[in-house]
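Based on the sequences and whatever the hints tell you, model everything.
Take 2 as the starting number for the sequence shown in our numbering and just add one per residue.
Source of the hints: derived by calculation from the structure; they are not laboratory data. Any given hint might turn out to be false.
Lysine-lysine pairs mimicking DSS-like chemistry, simulated, CA-CA at most 27 Å apart [what the hints assert, rightly or not]: (1) Lys-36 x Lys-193; (2) Lys-166 x Lys-36; (3) Lys-166 x Lys-194; (4) Lys-36 x Lys-194.
Label-pair distances were calculated between CB atoms; the ranges are [unchecked claim]: (5) Gly-113 x His-13: 42 to 50 Å; (6) Ser-116 x Gly-22: 21 to 29 Å; (7) Ala-17 x Leu-189: 13 to 21 Å.
Cβ coordinates follow ideal geometry from the N, Cα and C atoms, glycine included.
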Amino acid sequence: MQTISDTINHLHVGDATTFEGLTVFPLIHEQPHGKDYLTLDEALAQGSARVTEVSDSGQVSKLLFKNGGDSRVLLVDGDELVGAKQDRIINLTILVPAGTELEIPVSCVEAGRWSRRSDEFRSSERAMYSRARARKVMQVTESLKRSGDRRSDQSEVWSDISQCKESLSVNSPTDAMSDIYDNFEPFLKRCKKAFKAQHDQVGMLFAVGGKIQGLELFDNSQTF
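Structure, rendered in structure tokens:
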């Protein structure tokens, strides 16, 4: 895996695409290379990794990640895991070594459920939306500074999701973030079609109303 500085030094910004008020600038790597790890989705699909509650009773702020494979697995901040006792998002990016069992810090994104739907989690193939994710990152950063713990402010995470749900008039029996995405799935599919990935693209800059709102950047195009 390349260092952040190596990646940034070999980036160039591609031509912007605008759709429904959102402008995306593709970030292209000038010296493409392969990856030496699996993504979470790849590891789960292969059956080399499992994500479960830490115990039968569970703990809101932690999950158990079991990497039984021979490759490292990349867990990305904000990625959503659904199932088990309640849906969660990962609190920070972690590269899990091969053959490792690790408790990972998470936040709940389904305030109205604490009942088991499955023994294991699956990836929703979605990440938390940018505003709430940014606030959560700030909370985890402050927690690290204060106590070395990787916790979010759980009540604030729930509040962000509730406000988003209400502003978009989304009904969710369990106050689940996933219901927001499901409600807007047709629109999100149109967005995905409008912003097709380019060759050797490793990230994106996002802008609304001429103001940069976010950045996603990975070390190679396969992860992106």
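Any hints this thing doesn't respect? Which numbers, in order?
-> Hints 2 and 6 not satisfied by this model.
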